[in-house]
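In order, the protein sequences belong to chains Z and X. With our numbering, letter number 45 in the first sequence gets 45, and the count goes up by one each step, no holes. With our numbering, letter number 111 in the second sequence gets 262, and the count goes up by one each step, no holes.
Simulated from the structure, these hints should not be mistaken for laboratory data. One or more of the hints may lead you astray.
Stated by the list, open to error - Here are the computed lysine to any residue pairs in the SDA-like style, where the Cα-Cα straight-line distance is at most 20 Å:
no., chain 1, residue 1, chain 2, residue 2
1, Z, Lys-111, X, Glu-184
2, X, Lys-237, X, Thr-169
3, X, Lys-237, Z, Ser-16
4, X, Lys-237, Z, Ser-86
5, X, Lys-237, Z, Asn-24
6, Z, Lys-43, X, Ala-274
7, X, Lys-262, Z, Ala-27
8, Z, Lys-43, X, Lys-262
Said to hold, decoys possible - Listed below are several chain X residues computed to face chain Z (Cβ distance under 7 Å; list not exhaustive):
no., residue
9, Tyr-168
10, Pro-187
11, Val-216
12, Gly-221
13, Gln-246
14, Tyr-250
15, Met-259
16, Ile-264
17, Asp-265
18, Ile-268
19, Thr-269
20, Asp-273
21, Pro-275
22, Glu-277
Glycine is no exception: its CB is placed at the ideal position from the N, C-alpha and C atoms.
Here are the chains, one letter per residue:
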Amino acid sequence: MSNTQQARPAADAVSSVPGAYEVNGTAVGTIRILDGAISTIVKRTVLGIEGVARLSGSSLIDEFADLVGSKRMLDRSIQIEHDDQSLVVTVAVNPYYGYKFPALIAEIQRKVSDAISTMTGVNVSSVNVNIKGIEDRPAEKPAQDTSKEAE
Amino acid sequence: MSGKDTTGKTVAEPNAYTVHESVIISLARKAVEGIPGFIRFSGYSIVSDLADLLGNKRRFDKSIVVTESGNEVSLEILIVAAYGSKFGEVAAAVQEAVYHQIVDFTGMTVKGIDVVITDTEDAPVEEEKPEDDGEVVEGEVIQ
């Protein structure tokens with residue numbers, strides 16, 4: 001806090017992180033994290049939660065955006081806003097049918113917030129979840145051995 | 152070393168020398184190798200060019216930017232950190248390694264090393280695990 005350097009505001013889509021290497025008590029430089037990295041954390045965390053089918057938005061376009069490395073299109077499903085010293089994350093997901101929303105949303109909020117603060121050290125003031133659709137589960141894997149017997 | 156201070160004092164010396172930017176970049180690259188949590192420099196891939204083409208404003212094709220003025224040098228380093236690692240620690244380790252590498256080898260004053268974490272991804276998997284001896288065979292001791 002005593003640091004005089006100002007974190008540049010949201011325009012640069014960057015979060016400043018304390019803890020730079022110091023020589024004689026002076027930080028050697030700044031550490032910044034781009035929103036793209038935070039988007040990746042959000043995406044991977046959310047997709048790792050049971051009950052989440054996918055992020056909303058056109059998955060085809062998002063995948064292409066990913067491939068191309070453009071984070072802007074990914075913004076369709078993940079938005080990151082910069083508060084003073086913290087982040088506000090908004091994520092749009094499609095859950096599977098059969099999961100209760102409040103519990104699922106609470107889990108998303110907790111895990112996303114934890115993952116971001118663990119990895120980046122940046123505070124997350126809120127995680128907003130938008131449920132934009134619902135999907136049926138893909139056919140169950142433990143389909144017994146009916147297929148084998150059918151042969 | 153000539154007892155030169157690295158606290159930012161500029162020492163005007165009669166026998167000036169220059170170190171080319173590419174040398175500093177090479178030194179920085181070498182210094183960063185093997186740092187836990189460091190995956191790669193950003194902007195190595197073709198895709199960033201493509202992203203550029205598609206109107207991505209920021210240019211990531213230069214992962215290490217060196218600014219020299221006299222005997223002082225500052226760097227901006229763009230990296231991808233390991234998913235699950237603590238970015239701040241990775242970045243600080245990068246700063247430390249690069250700082251000492253440049254100070255030790257060039258004698259220049261390092262004014263600043265800014266680290267930008269552009270993305271995060273998994274570390275490449277190494278599957279050269281010997282048969283299950285239960286022995287830890289990690290011979291890599293980084294001094």
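Hints that the structure is at odds with (numbers, increasing): 1, 2, 5, 8, 9, 10, 11, 12, 15, 20, 21 and 22
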